[in-house]
Each structure stands twice: as C-alpha cells, then as structure tokens.
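*Asks:* Just so you know, the sequences run in chain order A and B.
Following my numbering, the numbering of the first sequence begins with 169 at its first residue and continues without gaps.
Following my numbering, the numbering of the second sequence begins with -4 at its first residue and continues without gaps.
None of these hints come from the bench; they were simulated from the model.
Even glycine gets a Cβ: it sits at the ideal position worked out from N, Cα and C.
Any given hint could be a false lead.
[As the list claims (entries may be wrong)] To give an idea of the chain B side of the interface with chain A (calculated C-beta under 10 Å), a few residues:
#, residue
1, 627
2, 629
3, 723
4, 823
5, 831
6, 904
7, 915
8, 928
9, 932
10, 952
11, 953
12, 954
13, 1023
[As the list claims (entries may be wrong)] With the Cβ distance kept under 10 Å, some of the chain B side facing chain A (calculated, not the full set):
#, residue
14, 79
15, 589
16, 835
17, 848
18, 850
19, 871
20, 911
21, 922
22, 1027
[Stated by the list, open to error] Not close to chain A: a few residues of chain B, all C-beta gaps over 12 Å, as computed:
#, residue
23, 137
24, 476
25, 488
26, 849
27, 931
Listed here are the chains, written in short residue letters.
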Amino acid sequence: MFKEASIREPLILGNKSYGDITADVVGPIENKAPKGWYIAITISALIALWGIGCILYLIGTGIGTWGLNKTVGWAWDITNFVWWVGIGHAGTLISAVLLLFRQRWRMAINRSAEAMTIFAVIMAAMFPGIHMGRLWLGYFVFPLPNQFGSLWVNFNSPLLWDVFAISTYFSVSLVFWYIGLIPDFATIRDRIKTPVAKKVYGILSFGWSGKAKNWTRFEEVSLVLAGIATPLVFSVHSIVSMDFATSVIPGWHTTIFPPYFVSGAVFSGFAMVQTLMLIMRKTMRLENYVTIKHVEYMNIVIIVTGSIVGVAYITELFMSWYSGVEYESYAFINRFSGPYLWAYWAMMTCNVISPQLFWVKKWRRSLGFTFVMSIIVNIGMWFERFVIIVTSLHRDYVPSSWSMFHPTFVDIGVFIGTIGIFFTLFLLFARFFPVLALNELKSILKVSGEEHKNKH
Amino acid sequence: MEELHGTKEFMDSSAKEFKTELPVEEFVAGAAQADLSSGRRDFLKFLGFSVGAATLAACETPVVRAIPYVIKPEQVTPGMPTYYASTFHDGFDYGSILVKTREGRPIYIKGNKDHGHGSLNARINASVLSLYDSTRLTGPRKGSESTTWASADEAIKKALIDANAASAEVVLLTEPIASPSTLNVIAELKANYPSANISHVPYAPVSFEAMSQAYGTANGTPYLDFKSAKVVVCVAADFMNDFPLSAQYTTAYGSARKPEGKWMSKHFQFESIMSLAGSNADVRRAIKPSEEGLVLASIYNHITGQGSSNATSNITKGAAEALKAVPGESLVICGNNDIHCQNIAVAINEALGNIGNTIQKDKTVQLAVGDGTAFASLVSKMNSGAVDVLMMHGVNPAYDSPMAEEFKTGLGKVTNSFSFSSHADETASLCAYIMPSNHALESWNDHHVVSGHYALSQPCIQPLYDTRQYQGTLLAMSAKGGTYYDFIKSTWAGMAQGDATAFWNNALHNGSVDMGLQAPVVAAPVTVKSATQEVTAAAPTNTSGSVSTSIAAVEKTASSASGIEVVLYTKQGIGTGAQATNPWLQELPDPITKVCWDNYITMSPAQAKEMGFTLYMAQETPASVATVEVNGKKVTLPVVPVPGQKAGTVGIALGYGRGANGEHIGNAAFQTKEYGGYDLDDSGNKKPIGANAYALVAMVNGMASYTLSGATVTGTGEEYAIASTQTHHTIMDRESVLKETVLGTFKNGEQNDYNRPHTLKMHEHHEVVDKPIKEVDLWDPHPVEGIGHWWGLSIDLSSCLGCGACITACHSENNVPVVGKDEVRRSRDMHWLRIDRYFTSDMTKEKGEAEGIGTIDMYSKMEIPSENPSVVHMPMMCQHCNHAPCETVCPVAATTHSSEGLNQMTYNRCIGTRYCANNCPYKVRRFNWFNYKAYAKFSEVNPSQDMMGRMVLNPDVTVRSRGVMEKCSMCVQRIQAGKLDSKIKGIPVADGSIETACSEACPNNCITFGDINDTGSKVHGLRNDKRAYLALEEVGTQPSINYMVKVRNREETLA
C-alpha cells in the first residue's frame, strides 16, 4: 500500500513528524545562533556599511562620482536595478504562480524565495532613487495633489510606469509574504520562552489562534493574493523592459523585450534562489525539506528560461540584420565585435551555453554543480543588463559622441554594498524568521496509514 | 429687540465677539498689566506677526553685497541691456565689437556687424571674461610689494628725468600699436625728454614681418580681398586662425564659397599640420615645412615658366592651372615668416596680376607685425647695460620670446624697469615697478588697423581695481598732461571733416568710422625702423633677380633640411598665449584634434605607430609622452596623432606653459588635481598647462622662424592623460547624419543625387509605395507648423569652418559651466553647442561591398581616418525635435514642447534621471554631474566660483544646480526679449530681429535663426532649399533645425 510513494517521491524526507517540522524550523530561532552566523553577518554588514558610505558620498557630492558621461547616462546603476528586480522575480513566481498551479513542492522554498524577493526589490528600488540627480525631489515622480504645484507627472514615461509597477509589486509581495508568516509566527509565539520575544512574535502574529475560521480565511486570502500577484510577476519586468523598448536607441528599441526580460528575470531569480537555498539547506540542516528534487525542478526552470533567453538573443541578432537599418545592425555588430565584446561573450557563455549543461541529469541533480551554475547565471544576467544598457548607449547614432564607460570606486562600492545589505537582511531573516513555511509544510507531510502502521 | 432698534449698546456689543469682556489680561498677565489695552485679538495678531517674522527671518537667504541703485542712472534700466560699440585689439586680433552690459556690467561681446570689422573669433568674444579675472593686479606694485600710484609716478618720472639728464636710452616695448593717439602720446613723451634717447619697439610673439617686408607694406600686411578671389592657394597659411585679421578674412572667404553663388572659390592648401584653413580646403596636400618654398617656386615655374620645376611640381600643377585660369582674381598666400618664401609668393601674385586687385598694398592691416631686429638689438643693449629705462605694455618676452633667457638677464641690468601689465606675469614680475593698466573694456583707445578705417574703444565699466591706463601714465609723464580721453578727442578733432563734436559722437556711437585711404595722417610716424625693414621696403619686390635669389634660397632650405621637421603654430582658443588663463578658451576644443586644456605634439598616425606611440586616446588611454629636441632645445609633451599631418613632421602649439615659475597669472592657468587644488611639482610650484614652445622659435635673417628642421623625437616612456571632447573621428558612412557632395553634382545633378530624401516602403492598397518619413507617424503632430511662431535654425555645412566662435559665444550667453580638464577627459564637457569634426575614411560601404569585405571588418576599417582625409565640421546642438524622444521619457515632464516649436527644459522640475539624455539620438543633453559653482574640484577652473568671475554671468539665464539636465534652449531668453520688443512696438517679429548667440557669433553666417512659419523669413527659405536635410530624419524626430548639404569645389575623385 505504498501507492502514493510509488507514483511520487515524497516531498519531505526523513520520516518527519509534525513536531519534528516545528522543531526543525523554530529550533534555530530559539537556540543561540551558531558562530558561523555571526561571522557571516559581520562580513556582510561591513560590506553593507561600505556601500552605504559610498551612497552617502554619491548623494553628498553628485552623480559625477560615478563613471557616467554625456553619452552613457546609465550604466551600473540601472544594470544593478534591473538585475535586482530580475532576482526579485522568483519569490512571487514560486509562491503565487506555483500556488495557483498547485505545485506543492514550492512549500519548502517559497518562504525564503519570497524573503529574497522582498530584499531584492528593496535593493532594486534603491537604484532609481540614488541614480537621480536630485534625490531630494524624488517625490516629483508621484502623482501628488496640487499643493505641490500645478504640474502633473508624465504618464507617457516608462520610468513613471516603473514607479507604479515596482511599488505595486513590492507591496503585494510584502503582504503576501507576511500573510504566509502569520501562522508561523503564532507557532513561534506559542513555543518561545523569553518574554520579550514572546511579546514581539505575539504582535507579529496578529492574534492568530489557529481556529478553522483563521485557516479558511488564510487560504482564501492566499489564493486572492496569488491571483493578484501572478500578473504582477509578468508586468513588473515587462514594464522595466519598456524603459528600453520604448526608446529610440538602437539595441533598446526592440519589441521582444517584455517576454525576453520576464524569462531572464525568472532565470536569474531561480539562480539566486538556488544560491541561497543551497547554503541554507547545508547550514540550517534542511536537507530533508529542500531535497535534490527541489533543486532539480528549479534547474529545469533554469533550462527553460535560459533557453528562452538564448532564443531572444539570437532573435535580436537576426532582427538587427533583417531590419536593414544600419544603426540597428551596427549596434549588434558592435556588441559582439566592438570594444565591449568581452561583456557580450561573457553574457553569451554564462546565459546561453552554461544552462544547457543541465540537460545532463547527473549534473542537474548535483548540488555542487548547481551552486556554481547558479552563480554563473547571475553573473551572466548582470552582464546581460550591462550589455543592453552600456553597449547600446556608448555607440549610438552620432559617432562624434561615442565614448566608453569606466566605473569608479563608487560604482563598484554601491553595487557590492547592495549585495552586502541584501545578505545582511537575509541573514537576519534566517535568524529571526521561520525560514520554511512550517504550517504549510505540514500539509504535504505524507503520514499515510501504511506509514503509520510501519512506525508502530 | 435691541438689534431691531439698533441701540448703541447693542451696536457696541455686537462688534465684540463676547458679550462680556473675558478677563484675558488678568488671566494672562495678572493685575500688573491690567491697564494695557491689548485684547485677545491683538495678542493673536502679535503672535501671528512674530511667528511670521521669525519664519521670514529664518528663511530668507542673506543678501551679500547687493547694492541697489538709490538714484537710477539715466542710461541704465534694470533688466534691460545696454550696448556699447567698441573695438578689440591686442596686437594680434582685431574686431569691431558691441559690448552688452547689464546693470553696468559687461557680460557679452558680439560683433558689430553694422559698422567696421564685425567678425569675431573665439578669442575676442571670450575676452569679456578676462575683465573679471580676480588675479589681475589691484594696484601698483614695487617689486612684490603694493605701493601707491603717487610713489610709482614719482619713480617713473624720476627715472625719465634722470635718463634725460644723462641722455640715456629709454625704450618703450609694446605690442604692435595701431593707435594714432597712443603713437602721439609716445611722441609727446619724446618731446618732453628731448635729450633722452627714447625709442619704441613693437614686439609680436607671432610675427608676420616677412610678409610685411616682401610686400613693402610698413608695419602691416596687405589687405587680402578674399571676396573676389576665385582661387585661393595657401602655403602654410592658416588664414582662418593663425593670421592677422583672421576672423574678417574668414567672413570674406565664406562669402565667396556659397554653392548657390555665380561661382564658388576653389581653395588649395599646402601645409604640414592639419590647420583650420587646411581642413576647409577643397584640395589639401601635405608637405614638409622645408618644401613650402619649393611649392611656391614650382607654382611660380608653372605660371611664369621661369625658374625650374622641382620635386613638388606634380602636386602644384592643379593649383597653378586653376590660378592661371583666373588672372587677377586669385590669392596666393604664404603664411610662414620666411622672406624668401614671401618674395616668391609676391612674385606669383605679381605675375597673376593680383597685386592691386585682390591684394591691396595701399590698404594695410597693422596687426601681428613686430620688429624682430629691433627687439634683438634691444636685448643686446639691455645686456650691455645700455638701457636706462624700459617700459613695457602688452608684451611678455620673458615668456614668449625665443631670446627669453637673454631678455631676463638683460632685464636685471636695466636700471629702471616699468611694466604696465595687468598681471604680475613672467615679465612684469621681474620689473622694478608694475603700474597695472586697465582692461580693454575699462579703457579708451583708438585704432587704425585697416588703412582708412579708424576705430574707437570705449570703457564699458569703471575700472574694477585701482588700475590706470598706461597711456594716461605716459601722458602724465609728458608735458601735455590731461586725460587720455581728452587726448584722443583732440587727435580725432584733427581728422574731423565738418563738425568735430558730431564727428566724434557719430564715431563713438558706431565704434568706428571709415575715412577712406586718403584720410589725413593724424598719428606721429613710427620712427623706429629696423634697417632691414627700410631696405626691403625700398627694394623692388618683383624683379626676377630677387626671385631667383629667393628660389635658390628655398632650394637650399629644402636640400639642407634633415631629421624631423617642426611646425610651431597657434591654436584657435589660446592663440599666442595672452589669454591662456581664460577658462572659456582653455575649454574650447581645438577645431581639429578636439583636445582642450593642453598643447601637444601633433604627428601623423603612421609615424606615431612607427615610433610606438599610443594612437587612440580616450578617458583611460592616455597619450604617450615624447621629447622634441631641436637646436639643443627640448620640449616634452604628449603626442596626439592627427590624420593629414605630413609624415616626418611634428606640430607644437605656442601659447602654453604659462606661469611655469608659479607667477600669479590666473586661476585657470594651471593643472588641477582630480579632487580639486593645484597639482604641484617637486619644487612646490603649480604645474603649468602644456609646455612653452616659444623657446624653440629660431631667429633666421633677424626674423622669427616658426618652422625648424633637424629635430629628433624620442619617447620618454611616460604617459599623459589628454582631454578630448571627441574620441571617435570618422562618420562611419552615416549618410543620414552628414551629407556632402561636390560642386559639379550639385550644379548639374538632381536633388536625389546629393540629398536623397528618406522614404519608407509601405504597403498600401496591395502595393508597395515609398512614403516620405514625415508622413509615417505614430504620434499626433505638435500644433507648431503654420500656427504662430515656429523657431528654427538652419545650419549650412558648406559654410561652417569649425572656428568655434559660436561655442564661446554660447558659453558666455548661457552661463555654461567650465568643468576643467579632468571632467572633459571623462566626456563630461558641458558645451551646449559642439562642433563635430569628422575625418573621411578610406573605407566606405560601397567600397566594402565592392571588395567583398566582411561587415565587421568593414566597420573596423571605417573607424580609421584616411592618411590625408577630407574634414567636415558639423555644429551640433539640441535639434528641438517636434517629436522629441527626450520629452516622452521624462517621468516628471521637466522637458516639454513649447507651442513655438522649442524643446524646453524646466530646471526646477528636473530630478535628473538622465533618461532624456540617453534617448537623445543627437546626444546634445548635458547633465550637471557636480555642483560646478561650489564643488572644490572646480574652484580653480570655473569662474563662477569666484566673486569677480560671477559678474560675467548673464542674469537672464539661470545658473543650473547639481543634478539637473541642461541643453541648448535656442537662446529662449533672446526670443522672449525679441517678442516683447516687437509687442511694445506693435509690429510682428521681423525676420532677423532675433539672433541666437551662435548665429550672431558665426563669422561666416553658417547658422541662420528665424521663424519657419514666417514664409518670408530666411530660415523658411533655407529649410525648403534643395540642400536642406534633417539630421537622422528616419528616426522621426522632426527637428526644428535643418542642415544644408556640404558642397566641396572639387572633382569626385582626387587625383
């Protein structure tokens, strides 16, 4: 009578009981943090502080502290922005889209993926802010009522669409994530001994009592939010891509950008989830929850989206030739043979060639290989944005203005700094928040009658 | 009831809010203040007032040193500019100017096109900034100590009296003076000290003495009539820049170069470096400097049959034939300072019958002709201790003389040395006394530069510092006394025909007066003449005997030349170096190399490659440094490869390396560091910009020679960052950006042959049709066409010579920030208007296809300019697109379209996303990367950081803050002023009544501004001309600015 097991591998291994799951997830929060956590957070906090220092210098002195120039008006700033937004795609995709498709394997990874989404979107949202020449007037982008003056925002501008797209995405993701956390916070509240923590988790859990009524509402809200979040997954990066697609710059002015950007975003988002989950599974001993099966599923998503991205690259090249427009064709010839060819070929290698290696089953089930690949993919995706932004701008229509972009220490510092901030936030999350959706996980724990019998 | 009856009690009480008085006083202040009459409402009023006052006091920006007019001056209306007609003259450049003053401050100089010689170059219109130089001396100095005018006057008087008593040598060393009154002042001075041996030595760092001597035009060069010259042959003559009267000649030349005209002059250029004139030539041949004489000799041989052919005969054949075809209507100009070359040039012009036609010897141009022999003898006399008193004005021989070292030693031996320099510069700082003269804009003067044309300079502001015009000082030393103003008036009274007052007033109003060549001589003759000058002037210039001597001499020069040859030239911005501290000029890109803030060694790319120097310079790829050694003198500078330069030659610009010993000559004259502050050398001196090449100038036959042979060039292995506004040099065969054709095609062909309109293939009714770009549109058009005004510019690429006068004019008009070398190197120059310079490449799309070269290969070959390329100068500024890509992408609508077709920036609204700049196909938008007016990095270079320099700012134009995008506004402040003016007059805006700064500054009328909707306007006509095209038309931006196809007067292929 191992019917269910013969059809599907169990999603949670190791013959866990409900109590085990609670102990495994809440344990790290209750116990003292391991030494490694302190080391990690110290390093990432230092990097974060350096980044914040660079940002303050940037804001205090001017955008000139970056390496931008009259020809290349955006470079690392918007590259980082798009990169982080892309990373921020996986969380909501995993929790919302897979929820709607009833992919229950998502339950082991959705919490962390969503947390990653939130933090990545925070990092992303920072860049449009700090890249502004006059950050202190940034509120001009909001359609504020008239006491701020009679001017209204320009609804033609994709940057304005960005403002709405990202703020909507961020708020929906945050709410979705938080709703999911409520029952888990309640579980921690019920277990934890220290009065302060008990109070805090009590507030965070919004008075969750675990009644059937609570659970019904929880399910309903989750489903509604999933319904709202799903189109957002596609809209955010489509709109980000329109920053480029609606322009007149050869290499930007491309109609395939929305789907190409969305798949690229999912591609990089899953890679980042892999990077984080593989570390977390090891250090927090979650091997029984985040299994090889999860890794393999995510790698399959990476092959699919990576292939879509590859096709998009080739389509772009084809269209540049087929269009017969000299500027368009030169933009792409310049990409792969001009002064930035190293960036282009780094992108091609990392994004097109490397994910194809996952066709080999052995490799896509190898944790070490997956870890290395996840980092390569994210490097590749950073280069993709760099290639799109910088190589299109640096040689556009009028050759007299052609120039090169050279990053300064502030460019580098701000980018590295956001990685530091991101990891600091994620480490804090791992320490104080339930890293797995423990109450949801209990619903997929297969404790069948047969198994039960075997136990006794 | 009470209300109905209106009783007094009711009326009284109804005015109060409460029936009974509230015991406010008791309650608030107690019984002690019960008798005070302030009620609750008063309390609230006081409260409101004090809060309001406190808020106001806290918010208001403190006003620093703004002094309002107590009594309004008669001619000053705040907000309205006042123009003064005046004249610019510094011994090298000359022009009739109109000085725009606002609230008493001169802020802008434009050409006086109605009267006199109103064509200006960049050096003249940027000179307004040097008025506000805070490093000018603020009073007389004795040595390095301040002193009073009284004691300085006493010292100079005593020196002169002593010299008179001892019959000693007194020398006045000045720039070449063309001022009748100044010459009379000198005569007065001589009269007052009859026993002293007073002499006047005119000194020009870049001198055209040889030309003056060869033509026998004393103190000047003959006037060249470019307007009627059908063929212009220049041998090493950059008459557009490095030449007397260059701006005026540029205008005249341009007027004979209109493709629509009856004829278009043909321009041949033979030269070693790529000069501005050479870049505009129809046929340009690169030769070595030693071959300049040979080229002239072979042209002479082709034309007259005399002499013999030589190595250059085959390259001069075309030019000679063209010359022969138009006798008396051509010009052969030699620009070097070699008497033999000049003699041959004179002989050619004689043979062609040009003298008396296109070359007017009786109409001389008294500019840039010094007296080298007299100066040399002065230096030797100084060294022998024979000079008792030396007075200097407008000269800096300690810096710019080839005999600088001897001069400096000699200066130490002069008993009494006085400088009238405005700065304690290289020479003045060595003098016993500095008695600073006024800036030209604070001074009275008169000029007789072009024969028969008398001009006046008038002060436009009170002297800013405790300075005095040197003529005033000299007058005070003479018996005459009085002011120089009265003196000029009396001089001019002698010229007046009829009413002297009316004559004077008219001349002062117009800035100049044309007296004709028969004008009475009012100036004392210049008595000092070097022996050679007198002899040559007397000698016949056209005898074949002297020509054959000269031919023999130039052949000898050519055969004896060895090694690498050096050409010393002056650049468009810095010129002779007199204005080297002017940041507008330092930041003006060189018309050919586009390099700012440095001089360098120009070299042919082939040779640079052979010597292992860097060929491509950009932000992070610095230039290689090399040392040029010639005649035992060395100059170490970065190497900039320039296509078109003759292999085996190097060019070095003069005028750089000022203040090398830390002289306080100006804030912007030195190298600065990445985060501000001066870059100091090991001895703690500020590092100068560039290196001084005057030391290399050789003296040949008593005259300065700016070409040298026998040089060696050795790389030092070091690198040096060069700041260039353009790092890519070819057009990449982008026909929709730049269109050019040749005269034959233009005259005989259809518009399609040289100006093919862009069309798109569209499917319509099952047919493929070619539709003009304009009809294919996603957007609704802006209601501009045919409604109200539609401002636009037309830019004629045939007329643009690349001089850059428009760039400095735009800088001055629009308060464009100066950003310094490091920022320019980072491609962050702020010029609203730039001139793109493109070299042709050997590779074209046609050629690539014909030869079957791969596309990648073809494009990479296109990046390399030809060995001797043709050059195009293309002014580029905001195109004011009617479908502007920048406007749609701004999230906050900070850049919008006006109903008059302008693309306008609202600085206050801009948040600085830079999206607009990215999306601009023309890349004309400029971002304020830093707070240029306060950030430490720009303290040295940006005049706006200086209390004085700030006074030059145009009050009509906002100074932009950090983080804001800016760009060409088409001088919207002028458009508004022009419209207002017409409104007050009650007439429609007349065509030509409004000019943008660039269109006004252009000496060649290349830029035309006007209302495109006005069917009678010039710009309307030009926009609909057969040559008119819109840059990047197929992008669909619909610019308000159109270009006109460049037409070259040559055959399709160069032989």
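*Asks:* Each hint: holds or not?
*Replies:* Okay, the hints, checked on the actual structure:
Proximity of residue 627 of chain B to chain A is violated relative to the hint, the smallest CB-CB distance being about 41 Å (cut-off 10 Å). With its C-beta approaching chain A no nearer than about 33 Å, residue 629 of chain B sits outside the 10 Å limit, and its interface hint is violated. The interface hint given for residue 723 of chain B holds, since its Cβ lies 4 Å from the closest Cβ of chain A, which is under the 10 Å cut-off. Because the closest C-beta pair between residue 823 of chain B and chain A is about 5 Å apart, less than 10 Å, the hint holds.
The beta carbon of residue 831 of chain B comes within 4 Å of a beta carbon in chain A, closer than 10 Å, and the hint placing it at the interface holds. The closest approach between the C-beta of residue 904 of chain B and any C-beta of chain A is roughly 6 Å, which is under the 10 Å cut-off, so the hint is satisfied. Because the closest C-beta pair between residue 915 of chain B and chain A is about 9 Å apart, less than 10 Å, the hint holds. With 10 Å as the threshold, the beta carbon of residue 928 of chain B stays out of range of chain A, its nearest partner Cβ sitting at about 12 Å, so the hint is violated.
For residue 932 of chain B, the suggested interface contact is upheld, since its CB lies about 8 Å from the closest CB of chain A, less than 10 Å. Annotation: interface hint on residue 952 of chain B violated; nearest CB of chain A at approximately 19 Å, more than 10 Å. The beta carbon of residue 953 of chain B comes no nearer than 15 Å to any beta carbon in chain A, farther than 10 Å, and the hint placing it at the interface is violated. For residue 954 of chain B, the interface hint is violated, the least distance from its beta-carbon to any beta-carbon of chain A being 15 Å, above 10 Å.
Checking residue 1023 of chain B against chain A by beta carbon gives a least distance of about 19 Å; that is not within 10 Å, so the hint is violated. Interface hint status for residue 79 of chain B: violated, as the beta-carbon distance to the closest one in chain A is roughly 37 Å, over 10 Å. Restraint check, residue 589 of chain B versus chain A: the minimum CB separation of about 8 Å is within 10 Å; hint holds. The criterion of a C-beta within 10 Å of any C-beta in chain A is not met by residue 835 of chain B, whose closest approach is roughly 13 Å, and the hint is violated.
Given the 10 Å rule on beta carbons, the hint for residue 848 of chain B is violated: about 13 Å separates it from the nearest Cβ of chain A. Satisfaction of the interface hint for residue 850 of chain B is found here, the shortest Cβ-Cβ separation to chain A being roughly 6 Å, below the 10 Å cut-off. Below 10 Å, beta-carbon pairs count as interface contacts, and residue 871 of chain B has one with chain A at about 7 Å; its hint therefore holds. Look at residue 911 of chain B: its Cβ gets to within about 8 Å of chain A, closer than 10 Å, so that hint holds up.
A cut of 10 Å between beta carbons decides the hint on residue 922 of chain B: the least distance to chain A is about 7 Å, and the hint holds. Hint on residue 1027 of chain B holds. Least Cβ distance to chain A is approximately 6 Å, under the 10 Å limit. With a least beta-carbon separation of about 44 Å from chain A, residue 137 of chain B lies farther than 12 Å from that chain, consistent with its non-interface assignment. Interface exclusion of residue 476 of chain B from chain A stands, the closest Cβ pair being 57 Å apart, more than 12 Å.
The Cβ of residue 488 of chain B lies farther than 12 Å from every Cβ of chain A, with a closest approach of about 55 Å, so its non-interface assignment holds. Distance check on residue 849 of chain B: its Cβ comes as close as 10 Å (rounded) to a Cβ of chain A, failing to clear the 12 Å threshold; non-interface status is violated. Look at residue 931 of chain B: its CB is around 10 Å from the nearest CB on chain A, not clear of 12 Å, so calling it non-interface is violated.
Violated hints for the displayed structure, listed by number in ascending order: 1, 2, 8, 10, 11, 12, 13, 14, 16, 17, 26, 27.
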